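Residues per chain are reported as follows:
Protein chains: 2
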Amino acid sequence: MKKGPLDAFQLESFFPYLVRIYYRAVSQSVSNIYEREYNITVSEWRAMAVLGNEQPLSAGEIVKRSSIDKVRVSRAIAGLTKAGYLERRVDENDRRKVALQLTRSGQLVFQDLVAKVRQLEEELLAGLSEDERDQLRNLMAKVRKNATEIEARYHSED
Amino acid sequence: MKKGPLDAFQLESFFPYLVRIYYRAVSQSVSNIYEREYNITVSEWRAMAVLGNEQPLSAGEIVKRSSIDKVRVSRAIAGLTKAGYLERRVDENDRRKVALQLTRSGQLVFQDLVAKVRQLEEELLAGLSEDERDQLRNLMAKVRKNATEIEARYHSED
DNA sequence: CCTTTATAGTTTCATTTGTAACTTATTTGG
DNA sequence: CCAAATAAGTTACAAATGAAACTATAAAGG
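Note that the protein sequences, when read in sequence, are chains H and Y.
To convert, count from 1 in the first sequence and add 975; that's my numbering.
To convert, count from 1 in the second sequence and add 975; that's my numbering.
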């Protein structure tokens, strides 16, 4: 005997749930590129992307620019180094820091991946006008800002 | 000596990255509610939400309605049962299936959580007009559909 | 009818992940 | 100057996660 809804709460209309399935679809499509072809994790890809843009960088700089926490950055660095895509030295001015750079082969992999992920990005946004793309980015940014503020309020109650 | 960008790839403008940080901000703000107050995981919350809407249900039905894979549903069921929020019986017509229902206290927790997550949803969307909310949902759905199709193409190449 | 295949859900196993702890180096403050 | 505090990055440990394997049950097919 089926009972009716307790309060007509529809998970599939619940906004955070929509964000979750949206994220999962997007992330799965993009991770195919670096994971299957180069066995690179998303954290490793991100660290590489940051270094592809500017180097040398310390681990802490990568943390700041990639929205990954320091433990995962450390692990990503270890993985990329092991794969031969990254080399490290101790920073000359602060011996706590490492100076990280892509190797020659790391740069080649990065360039290959950039071309591929750009193509994928275009496919993800296919069918959206330039206005709609801007709108989507702006609205996501606004919600994210709201979420960050909610989070900050929550932690100030601790 | 800083080197210039290899190909001017900007991670912080890369769409999948934007989706990732958006998702993370949203999910962190909402998980505070059920995790801290009831020690309920996101999968458990989702299973509960589905059952709050309709019951009894089998585990497979929860899988279908919650976008969680069956292993995690099984674990969520075990967790909720252990917490006293869920009870199970063997389905009368198919002894492979379980018939799951919220307990009295499970229903009380569900109702409390519904009120709270609804409030949070409103706060997440604060500052967005009704049009903008619809727009955001529609655009996310469109991108998600694109992503799902990319994924399907990818797997058909396996 | 009976064997093979498929399904429902659980458990196992290996890997990943997040928090805490740690070591080393640098900065701060008296 | 020196002790205390902080920072940089790594490692340890427990929990979470995903794929594979598993058992029991049901369905399909000859």
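No lab work stands behind these hints, which were simulated from the structure alone.
Treat the hints with care, since some could be wrong.
A pair counts as met if it fits within one copy or between any two copies, since identical chains are not told apart.
Here are the simulated EDC-like pairs of lysine to aspartate or glutamate, each with C-alpha atoms no more than 20 Å apart in a straight line [stated by the list, open to error]:
id	residue 1	residue 2
1	K1120	D1109
2	K1120	E1097
3	K1045	E987
4	K1117	E1107
5	K1117	E1105
6	K1091	E1126
7	K1120	E1096
8	K1072	E1062
9	K1072	D1044
10	K1072	D1109
11	K1117	D1106
12	K1091	E1124
13	K1091	E1012
14	K1117	E1098
15	K1045	D1069
16	K1072	E1097
17	K1039	E1126
18	K1091	E1067
19	K1039	D1066
20	K1072	D1106
21	K1120	E1098
22	K1045	E1029
23	K1057	E1010
24	K1117	D1069
25	K1072	E1124
26	K1117	E1036
27	K1039	E987
Every value quoted in this text rests on a predicted model; they were computed, and no experiment measured them.
Against the structure, the hints:
1. K1120 - D1109: So K1120 and D1109 pass the 20 Å test inside a copy (16 Å) and across (19 Å) alike.
2. K1120 - E1097: between (25 Å within a copy, 14 Å between copies)
3. K1045 - E987: So K1045 and E987 pass the 20 Å test across copies only (18 Å; inside, 34 Å).
4. K1117 - E1107: This pair counts as both: shortest intra-copy Cα distance 15 Å, inter-copy 11 Å.
5. K1117 - E1105: Both: 18 Å inside a copy, 14 Å across copies.
6. K1091 - E1126: between (35 Å within a copy, 14 Å between copies)
7. K1120 - E1096: between (23 Å within a copy, 13 Å between copies)
8. K1072 - E1062: Classified as within: same-chain Cα gap 14 Å, cross-chain 54 Å, threshold 20 Å.
9. K1072 - D1044: Within one copy only: 16 Å inside a chain, 42 Å across chains, cut-off 20 Å.
10. K1072 - D1109: For K1072 and D1109, neither the intra-copy (38 Å) nor the inter-copy (47 Å) Cα distance is at most 20 Å.
11. K1117 - D1106: both (16 Å within a copy, 15 Å between copies)
12. K1091 - E1124: between (35 Å within a copy, 17 Å between copies)
13. K1091 - E1012: within (11 Å within a copy, 43 Å between copies)
14. K1117 - E1098: between (24 Å within a copy, 11 Å between copies)
15. K1045 - D1069: within (18 Å within a copy, 50 Å between copies)
16. K1072 - E1097: neither (37 Å within a copy, 43 Å between copies)
17. K1039 - E1126: Classified as within: same-chain Cα gap 19 Å, cross-chain 30 Å, threshold 20 Å.
18. K1091 - E1067: neither (36 Å within a copy, 52 Å between copies)
19. K1039 - D1066: Within one copy only: 18 Å inside a chain, 52 Å across chains, cut-off 20 Å.
20. K1072 - D1106: neither (43 Å within a copy, 49 Å between copies)
21. K1120 - E1098: between (27 Å within a copy, 11 Å between copies)
22. K1045 - E1029: Answer is within; shortest intra-copy Cα gap is 18 Å, inter-copy 43 Å.
23. K1057 - E1010: For K1057 and E1010, only the intra-copy Cα distance (16 Å) is at most 20 Å; the inter-copy one is 37 Å.
24. K1117 - D1069: neither (38 Å within a copy, 48 Å between copies)
25. K1072 - E1124: Answer is neither: 32 Å inside a copy and 43 Å across each miss the 20 Å cutoff.
26. K1117 - E1036: neither (25 Å within a copy, 35 Å between copies)
27. K1039 - E987: between (34 Å within a copy, 11 Å between copies)
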